[in-house]
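Note that the protein sequences, when read in sequence, are chains L, W, R, E, U, Y, H and V.
Just so you know, the first sequence maps onto residues 1027 to 1277 in our numbering.
Just so you know, the second sequence maps onto residues 1027 to 1277 in our numbering.
Just so you know, the third sequence maps onto residues 1027 to 1277 in our numbering.
Just so you know, the fourth sequence maps onto residues 1027 to 1277 in our numbering.
Just so you know, the fifth sequence maps onto residues 1027 to 1277 in our numbering.
Just so you know, the sixth sequence maps onto residues 1027 to 1277 in our numbering.
Just so you know, the seventh sequence maps onto residues 1027 to 1277 in our numbering.
Just so you know, the eighth sequence maps onto residues 1027 to 1277 in our numbering.
What the hints contain is simulated information worked out from the structure, not anything from laboratory work.
Heads up, a few of these hints could be off.
Not the full set, but computed from the structure, chain U residues with beta-carbon under 7 Å of chain R [claimed, not checked]: (1) F1121; (2) S1157; (3) G1235; (4) A1236.
Model, not experiment: these values are computed from the prediction.
Glycine included, C-beta positions come from ideal geometry on N, C-alpha and C.
Given next are the chains, with one letter for each unit.
8 protein chains.
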Amino acid sequence: MRRERVRALLEDVAAGRASIDQALAHLDAAPVEDLGFANIDHHRALRAGYPEVVFGEGKTVEQTVIICERLTAQGDGFLVTRSSEAQRIALAAKFPAVSLNALARTARLAGSATPASSVVKKALIVTAGTSDLPVSEEAVETLLALGLGVARLTDVGVAGIHRILAQHDALRDAAVVIVVAGMDGALPSVVGGLVRVPVIAVPTSVGYGASFEGLSALLAMLNSCAAGVTVCNIDNGFGAAMAAARILNAP
Amino acid sequence: MRRERVRALLEDVAAGRASIDQALAHLDAAPVEDLGFANIDHHRALRAGYPEVVFGEGKTVEQTVIICERLTAQGDGFLVTRSSEAQRIALAAKFPAVSLNALARTARLAGSATPASSVVKKALIVTAGTSDLPVSEEAVETLLALGLGVARLTDVGVAGIHRILAQHDALRDAAVVIVVAGMDGALPSVVGGLVRVPVIAVPTSVGYGASFEGLSALLAMLNSCAAGVTVCNIDNGFGAAMAAARILNAP
Amino acid sequence: MRRERVRALLEDVAAGRASIDQALAHLDAAPVEDLGFANIDHHRALRAGYPEVVFGEGKTVEQTVIICERLTAQGDGFLVTRSSEAQRIALAAKFPAVSLNALARTARLAGSATPASSVVKKALIVTAGTSDLPVSEEAVETLLALGLGVARLTDVGVAGIHRILAQHDALRDAAVVIVVAGMDGALPSVVGGLVRVPVIAVPTSVGYGASFEGLSALLAMLNSCAAGVTVCNIDNGFGAAMAAARILNAP
Amino acid sequence: MRRERVRALLEDVAAGRASIDQALAHLDAAPVEDLGFANIDHHRALRAGYPEVVFGEGKTVEQTVIICERLTAQGDGFLVTRSSEAQRIALAAKFPAVSLNALARTARLAGSATPASSVVKKALIVTAGTSDLPVSEEAVETLLALGLGVARLTDVGVAGIHRILAQHDALRDAAVVIVVAGMDGALPSVVGGLVRVPVIAVPTSVGYGASFEGLSALLAMLNSCAAGVTVCNIDNGFGAAMAAARILNAP
Amino acid sequence: MRRERVRALLEDVAAGRASIDQALAHLDAAPVEDLGFANIDHHRALRAGYPEVVFGEGKTVEQTVIICERLTAQGDGFLVTRSSEAQRIALAAKFPAVSLNALARTARLAGSATPASSVVKKALIVTAGTSDLPVSEEAVETLLALGLGVARLTDVGVAGIHRILAQHDALRDAAVVIVVAGMDGALPSVVGGLVRVPVIAVPTSVGYGASFEGLSALLAMLNSCAAGVTVCNIDNGFGAAMAAARILNAP
Amino acid sequence: MRRERVRALLEDVAAGRASIDQALAHLDAAPVEDLGFANIDHHRALRAGYPEVVFGEGKTVEQTVIICERLTAQGDGFLVTRSSEAQRIALAAKFPAVSLNALARTARLAGSATPASSVVKKALIVTAGTSDLPVSEEAVETLLALGLGVARLTDVGVAGIHRILAQHDALRDAAVVIVVAGMDGALPSVVGGLVRVPVIAVPTSVGYGASFEGLSALLAMLNSCAAGVTVCNIDNGFGAAMAAARILNAP
Amino acid sequence: MRRERVRALLEDVAAGRASIDQALAHLDAAPVEDLGFANIDHHRALRAGYPEVVFGEGKTVEQTVIICERLTAQGDGFLVTRSSEAQRIALAAKFPAVSLNALARTARLAGSATPASSVVKKALIVTAGTSDLPVSEEAVETLLALGLGVARLTDVGVAGIHRILAQHDALRDAAVVIVVAGMDGALPSVVGGLVRVPVIAVPTSVGYGASFEGLSALLAMLNSCAAGVTVCNIDNGFGAAMAAARILNAP
Amino acid sequence: MRRERVRALLEDVAAGRASIDQALAHLDAAPVEDLGFANIDHHRALRAGYPEVVFGEGKTVEQTVIICERLTAQGDGFLVTRSSEAQRIALAAKFPAVSLNALARTARLAGSATPASSVVKKALIVTAGTSDLPVSEEAVETLLALGLGVARLTDVGVAGIHRILAQHDALRDAAVVIVVAGMDGALPSVVGGLVRVPVIAVPTSVGYGASFEGLSALLAMLNSCAAGVTVCNIDNGFGAAMAAARILNAP
């Protein structure tokens, strides 16, 4: 609840329009709907700039559908990430307009208030190899769900350094760059040296044995020799997109 | 060397103003000064938006002073991070105008082109505990070296959650927030839920045994339950400031 | 065997009511029933305050049923944790009164001596997200098996800090708080700053890649900046409940 | 600020005894003293049941002394943990009544409101080996600072199992047991099987190479086969004592 | 090839009974049969005291059967460890006299020279919990394959310390003790303090999350506070038995 | 694009045979075919000495076949590593001449320019145990795809040290040795002491629990006491072969 | 206290020679001398076959001397391991007959009952490199303190495999072999394949970066491809000697 | 001892020029000089192509000097790596012609047979940053000790990708490339894509916290996306040079 709301409440109490117990009740109340297995935060869009996103893993098909129903009942759209195929099928049956992306494992529905995708400020998603696409596609879907602009560069890893160097136009046009890479996690360091805008690195769990499910790429990115590169969790395309949204949504 | 420069070079060749071998020589040349032990990149300010920053560790006092002399000889200022006391003393003897910060372990000298610190868009540095100050001060010094606006909140860790909640004005005024915390690394998750702007988390090596020199805070921050928080290397106040600069310098 | 029993035995020997060899036999005997594949400790309730709990993993269906039969043959109830569906089906067929909880993976049967659930001193189970429910439900089932009072708060993670702050009544009424969280493991630090009673943190294996199956949350909790928070093994709702029982059962 | 205080404030507003802006100012104010390098939380004793404890590491001698002066200026005593010898010497010069414990690395001063040490409910500190004493002494000092009862068992590791078995009287008299051990971390499992009261395990960084600075003992304790044992951070005698205090202070 | 054999060879050369090239050929030859996918070492029994044991994992059913056929063709028996069910079925079809142990995942056939199991010097296999039985049974099968004496103690973990203390007769009769335990790995430390004979600790991958597939037990055992306990690889019941055999077979 | 090509381009511009914009277009163009999901680098053979190798994991059957079609359309052959059985079946249907190796998980097709396998300079693949064969076979297939000479030594681990010592002829004939071993990773140290040529060590994920999926062997090999042994990623037979090719292809 | 002693006590009670309270007192008493900072176990020699060994690290000079005085007051000798130079100087001043070994960091004094060193059954200490000598010398000193026979092989690492192969006489004469190695930890695998007697591997913290203070050698040894090799803690020469003593002292 | 030597020995025996016992003695003898604390392998140059290199760490000044004296007594030169300043001073006093390199921590003396440095085939040492120079200088010194050709590129990390791209001449002239880098370890991937010759990557312990003393760079290099890059131990410039020597010395 925002500060202006507290001031109004105190004015009501001062004017006798509200009793003390009513005011206490309001201060206690939270804009949260309790479903038993989850608390839906309907004020998140007001407060944080985007509606609640549903993390599909560890939720049953039924729980997933119910949460999405409550979100749409409030006029919000939804984005479900890390969804199973069963969850996506159930959502498609309930919401015919939903966009499914099997590679990204997402289901996305626009809300009444979702803005059309921007063409002015774009996030550029740079992907090192084909095997990293599930993660970069999750980032793409999340940005689309937020109504933000997206461009892509794919399969431009540093072992063939000319591939990324050839893309100066795409790099120059980006307002923020998300770099998705597994194995040696080297690409963000090169990109970070080529652009002045924010660079968000996403390690992926792609690679042979000593990639240790993305740990190697994660550590390399945290140690990027290009100053000012920041890092998300392994395979967390969603988180990278949310970080990009925080940057793109700045006034 | 930027693309415009290549076009001009080609025009010279076409017009006969430059021979092919001269053009090749230019294409070969890099705007880099070779000191034997280091290559100074004098074009970095043009290309990346900030001059080269000197990492003090592993360099001798002599190497450090020579690099700073070459930078100032080009009209640049300098920032030395992770400097030893001996390095700082030598720099102060050579450059009387230098700003030393023993806590942050930095030496900073404004260049002729360093802009005055902005008052419009500020980075807010939020520090969990007193022991984290060396890292947050390194971030502050770096932002000042880049001519960017800075504000501070200190000792507002989550075990006394009212401390950060009481600071809504400071949080509301920030264009980007850097959160510096050791131990459980929990503060960025709370801050990330309170603000809509970018949040950059910096784990510190502060804590008892199982903090494992900052690993625990690092992992917690990578797993932040607040969406869109990104993470820097352990104790890397410099890197966090550079990431903030990428955001604040956006057109 | 308790000290009073030893004194009684010595008195019998002194009075000639028992021979030396009889006494030695008693001192050798342990209140343990050997099933070949397991030793059931029938005196545990006397000694430790609760009957033996059966860890389902790595036991066959047959072994599980036999152990439960021997426990009920002694008048004890039982609790089976980490049970497979097959184990639960077999137990339900043998013990129609058993309570099955698929989410918690438990099977529970009250013994003749299980006390009714207390309403005076309650353990409060605080869960960060919906995905953490299997672990918190295991804690709930264990507390119920021990006849202790339980209350729940669900989906109150720190990214929406107002959710836990709104629950001061529930927090105030708890005699001990179990906090179940994955990802950044930040919730116990906030709760530990809000209550004076014991706080037991349980990390869960919920999260993206760098959660490393709960390691990140575990480390964060061990480094909690709220003093006096203690930690259980990853996903160990059972252990947390047993720790709470040690506290609630204090005279 | 507690809920009763909010109610009183609202009554003042309703009665016209306070203006809305005055009320807002009170709601904004936090009971925290800002020293520039630290925020002292003077209400912690009211809220959490004990005054703020000063973590000495990473603080200068001057910062440490100033914080202690401000605490005593409010009538509180203080406890400084992980203090350096220089810090302790400075504190002794300023506060002649301070108790220094070089082994525990603590400085302790009773406040006007520190209760006398209880003789009714005692925490028992069980230490596996002589090398673990710095950690267990830190726990002892912390409990004394809180006015709680303490007993000790020293050098009773499991390799000579009769040593702990011989101490049934001490074990029986404890309201809570803190078990401090390095190396194999096995002692809490044995103690946890011998007592019904809460057992708090503290791993220490004592041992040969593969103890990995306490990691081995930590992991062993988290995996204790005695149900309901909880664990603190490595070498964190302070934290274990605070956890014990939460238990002993229960109504 | 043993030294006596070399001497005989040299005598043959000196006496003209063998040519230099024949001698070289003998020195080159190794007592190994090359199957393409494996080299069977038929002299191992002579040299090392036991025939080659077949590690089933990563071998096809066909490879497994062929190796066993070649071993029996030389009059040796065989032991296959870590066998799949398919491997065991195929071996039983080929060798009707084979002993299969599904829990231990072994197939064992006595050779013509396998000694009858000793009753004089026995290895005692002590197992902490029922879930550890697959590992301890692998040790048992291996000892039986070598014709050595075996005794068992099962489900005697340290949380009920009286269980192992009650077994002094079994402990006293052992010439070597193998202790198999997961979770906290505490049992070898207690056993090591109770007996004077060699103690071989085997960590198992049994336990909740932070057991990290046996790493916790492994580290605890390496740090055993009982002097002179040695450790095998995780779940390596075979290796422990081989170490026991080296001890029991001493002249 | 190689330097000679740039010189030719500049000569064209100087002579008026090419406009500036044409030259810029050529400098921008990269010899890469964009398939949407992948960029195929058709110039790799010219630049790096071998055609692009297709990493099968994480690619669909369709993507795999399309990439191979485009490669063969350019006259190249192909090698697919880490292929699934479905991928191999689809490739065999499309390319009847393909060589499939289920153990190595490869599909290989000679290109028009693939040289016949050399008999002069050979890479020797030394394998410690039968379970390591999938990795060493991947190396073999890769070397054959590159037209290089190969020899094999199998099942010559150090526990029977005479097995490798007996193979001095094979060792002497090798121009480079690839040593594939899991478990203790000891074999490269022995081989490195026996030969003067380059030794490339490949750890495999073969072994009991504390092999940690090849980490133990990897660390041992990095710490080889034989000077000048270098190491590849775990299970990376392909990478080892590529490293050998760099050596064998030297002029 | 041994079982015979309990029988005697019961006979005294039965005969009226001891009261029940006297018997209880005896059963309570432990053969341990409490020094406040340590419990000395004077019966260890009877029970475990060797007197208590003093671990010097973490003990003050004074504590070390006092413990040694109490041990010699009982007629025992002593062995202090991991001693500081200050501790050794103090011990030499107090006990002129003490043997100091600076390389092994030990101080050793024979007790009245220490047997003369055996010449029949010897432990062979095999050391890979000169840098490993501190660890192997600790093992040697410990064996001498126990009156056991010792032989040494030094600097016989596997990179020069002929060095260990040349020592068949020494290997043949050993009743047990302790192998001390850092770096790749490969030597125990080779030795384990050459001898039939027990092999105890001791990893050392010797090596470059990725030796991780002995972790690499430790893991390699746990994964030894020679069956029946067991492992001690890193740098734990003492523990290896104690394990050897358990074997050599067998009847 | 080489095979030819064995043949000659057998011929002597056959011809009666040597008795059997003399032959046995020769077969027993190893070309190793035993100094008590070390075995010097005087035949290494014959067998492995280079004389024994002395690892300074963990050796006393006296041991170091003695080993060097014995090596020079045989006509060999020496190279001491990881030497302390004291070791270097002592060596300079004894051997006035020695070359000391404080940055590389080496002492080097040419032997009578050391070849002059080649100008035909050169190893190129590429260093990412100034802080990596101690490691790359160790590689340089080792190559010089072996009489091999060396070239250097310094401070060419990937964050300024044009720096390495500008060096095509140096890259083209190299017969083997050693790439030394800390932090993100990205440089070998770029270099590996630019050259066809062997690339040996050396991670250094340079970087902020999460570089974990070089672990991050090590893992990145093992996961290099440029095929055929091999890796040495952290900070192991010596090992990389030895690997390069194996390549350069190929016939």
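Right, here's what the structure says about each hint:
1. With a cut of 7 Å, the hint placing F1121/U at the interface with chain R is violated, because the nearest CB-to-CB distance is about 27 Å.
2. Proximity of S1157/U to chain R holds as hinted, the smallest CB-CB distance being about 3 Å (cut-off 7 Å).
3. Hint on G1235/U holds. Least Cβ distance to chain R is approximately 3 Å, under the 7 Å limit.
4. At about 5 Å, the closest approach between the beta carbon of A1236/U and any beta carbon in chain R falls short of 7 Å, and the interface hint on this residue holds.
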